[in-house]
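Based on the provided sequences and hints, a complete structural model is requested.
Those protein sequences? They're chains A and B, same order as listed. Going by this note's numbering, the letters in the first sequence line up with residues 1 to 217, in that order. Going by this note's numbering, the letters in the second sequence line up with residues 218 to 686, in that order.
Check the hints yourself; a few may be wrong.
Stated by the list, open to error - Simulated coverage check for chain B against chain A, where a stretch passes if three residues somewhere in it have a Cβ under 8 Å from a Cβ of chain A:
no. : region
1   : 353-360
2   : 441-454
3   : 491-499
To be verified - A short, non-exhaustive set of chain A residues, derived as facing chain B with CB atoms under 7 Å:
no. : residue
4   : G63
5   : V67
6   : L108
7   : I111
8   : L115
9   : T159
What the hints assert, rightly or not - A partial selection of chain A residues facing chain B, derived with a Cβ cut-off under 10 Å:
no. : residue
10  : F60
11  : L65
12  : E69
13  : L71
14  : N114
15  : L157
Just so you know, these hints were derived from the structure itself, not from any lab. Quantities reported herein were computed from a predicted structural model and do not represent experimental measurements. Backbone N, C-alpha and C fix where the C-beta goes; we use that ideal spot for every residue, glycine too.
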Amino acid sequence: MPETKGDLTMAVKDIAEAVAVFDRVKVVELVEAEIAAKTEIDEILNAGLIDAMDIVGKRFSSGELFVPEMLMAAKAMKAGLEVLKPHLSAGAVAAKGTVVIGTVKGDLHDIGKNLVALMMEGAGLEVVDLGVDIDAEKFVKAAVEHNAGVVALSALLTTTMPTMEIIVAAIKEAGIAVKTIVGGAPVTEAFADQIGADGFSTDAPGAVELTRKLLST
Amino acid sequence: MNRAITNFDQKMLGSIHNYSLELLNDTGIRFPNENAREIFREHGFRTDGEMVFFKEKDIRMALNTVPSSFTIKARNPAKDIQIGGDNYMMAPGYGPPFIIEPSGEKRNALLDDVHKFCKLVQTSQYLDFNSSIIVQPTEVPQETAHLDILLATLLMTDKPIMGSSSSGIAAKDSLKLAELVWGNTDEPVMISLVDSLSPLQYAAEMVDSLMVFAEAGQPVIVHSSCSLGSTGPITIAGSLVISNATTLAGICLAQLINPGTPIVYGLGGSPTEMKTGGYVNASPEDAKHTAIVTALGRYYNIPCRSQGALTESFCLDYQAGMESAMMLTTAALSGANLSLHACGTYGSMLGMSYEKFIADEDLCGAIKKLMQPVEFTDDAFSMDMIKELGTSGNYLMEMHTLKRCRSEFFMPELSIRTIHNKWLEMEPRDITERAAGILAKRFAEYEKPEIDPDIEKHLVQYVNTRKGL
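Shown next as structure tokens:
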């Protein structure tokens, strides 16, 4: 019945709206209601939660939303995703991809890395955060163990940038099908190219966008 | 007077202290080093995993043994510096890995830049001591970069040096090199910066170097900072408690190892740019934070460190001048005893600039003049002259003016004080180009300070041996 379908779509859009205003309680309520109303699970996920994070990402990039607001939206989406998870077909979440992220060996700075990890989670990606001071071996091991699509390396110190090169090389040498992305204050696109990384971003939303692109190729 | 940056009563400072004690007792501070935790345990402190917990009496005892002032020897005794009391000492940028060129281009800093900045420090009228990592030279092996920097500051300048705190080994190297210059002394011959991690913890390397310096009785700046709203609470009050608790824990460790170790107290609190998550130094909040921290330093009767002439800008524009002046003036007037980053930094301390260094020196000079007490002697009042000249006086013709004409006023090197026509004709007119002219002059007039050739030989030998050369 087209009329009902139309109403349902409106309700799914309400989920997106609730995510965009970071109302976690409302997101959970609406997702539960949609599941009860037997709305397509994929529609709740894509038109409700994922679309909402796209809107949030764009508002953030334009400067309209501030970081804490964007993170709250990501949290609201995660809460909705948790409700949805038991109903998703086995591959649905994994299909979005898994990211292994960490600050490279010798570097203890993790603010930027944490921000990227949170935003990725908010965008529906499975994130394995290894923490700080992580060497090549740990990155490779985690990438294999979690069947990661992307490994994200962070550094703040120029002195630890060469470690990025070592890790990217180690991942290639290991022969695993995983893309590498790099970021952090001193990292440049030229450097990313030079060390053979698959991508680089200057900010967290850019890193999410880039990861999604890499995961869909 | 009830201005935001002067209105700190004992009650307010006491509440920061009491909340810090509560955190130290209930939450504790993370020390990842087993040998540090061992020392705490030996003194009866409770530890749990890597966390160490502090009681009020522990902190009180530690604070009791911290000296309220001390002297750091320079290679040239005329350049010794007094830390504490009314003194205010300035050092240049600390830690930037980049050079920002006049074109705006960013490039990696090199050892040659360290050497050039040493020349500027040595020829500076206003900088009182060296920084440790004036820039991080990126082309030399990082495990031995501290040796290159220490050697440069010891040979190319005769002002006090900073020790390297990048690891316990680097700290020991700093002591060994100092011993070659000053012999085996327990008098302060350097000062070093130990930074905590936020929130409520230290990195292992920093604790190692803190322990090495404390054992040798060498002064340490124990500094904790939060990025307001990301690594600490968004409020100044909350961040002060976190940083104060962390710094007090570090001071406590130093005093347990060697009671009386000279300490400089420091807390930083810089806003997080809420639109990007970035770190912002130059801001009214950071300046206000500095003012409160200096009051806390007096509350504890410990010399206090502040930030320097910081800006978020990347060129010599209005923003760079405005922010640098706000930051450094606030630090100076609120009573900081020393400032790092007093000259040369751009973009939240990430880049050093030669031209900014020259511009900041004008600021340092102006601030030092601003801080000088006004002279109220009979000669300064000059009542006889005033009466004699009456209403028709030309003070330019007076001996009183002649005697003081070169010393009474601050004279900027870079800032212009001219009329519009002359300014139009000025060649070059652009401030960055004029700074480049001053730089060329400074490099040309630099002379390597005298040093006993034997000492120089031993210093070079030590560094070469350590580098495996």
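The hints, checked one at a time:
Requiring three or more residues with a Cβ within less than 8 Å of a Cβ of chain A, the coverage given for the region 353-360 of chain B holds, as 3 such residues are present. Counting residues of the region 441-454 of chain B whose beta carbon lies closer than 8 Å to any beta carbon of chain A gives 4, which meets the minimum of three for the stated coverage. Beta-carbon proximity to chain A at under 8 Å applies to 5 residues in the region 491-499 of chain B; the threshold of 3 is reached and the given coverage holds. Among the interface hints, the one on A/G63 holds; its C-beta lies about 5 Å from the nearest C-beta in chain B, closer than the 7 Å criterion.
Against a cut-off of 7 Å between C-beta atoms, the interface hint on A/V67 holds, since the closest Cβ of chain B lies about 4 Å away. The beta carbon of A/L108 is positioned within 7 Å of a beta carbon in chain B (closest approach about 5 Å), and the interface hint is therefore held. With 7 Å as the threshold, the beta carbon of A/I111 comes within range of chain B, its nearest partner Cβ sitting at about 6 Å, so the hint holds. For the restraint placing A/L115 at the interface with chain B, the shortest Cβ-Cβ distance is roughly 5 Å, inside the 7 Å limit, so the hint holds.
Taken as an interface hint, A/T159 checks out: its beta carbon lies about 5 Å from the nearest beta carbon of chain B, inside 7 Å. The closest approach between the C-beta of A/F60 and any C-beta of chain B is roughly 8 Å, which is under the 10 Å cut-off, so the hint is satisfied. Interface hint at A/L65: satisfied, since its Cβ lies 8 Å from the closest Cβ of chain B, which is below the 10 Å cut-off. Residue-level restraint check for A/E69 holds (minimum Cβ-Cβ distance to chain B is 9 Å; threshold 10 Å).
The interface hint given for A/L71 holds, since its Cβ lies 9 Å from the closest Cβ of chain B, which is under the 10 Å cut-off. With a cut of 10 Å, the hint placing A/N114 at the interface with chain B holds, because the nearest CB-to-CB distance is about 9 Å. Interface hint status for A/L157: upheld, as the beta-carbon distance to the closest one in chain B is roughly 7 Å, under 10 Å.
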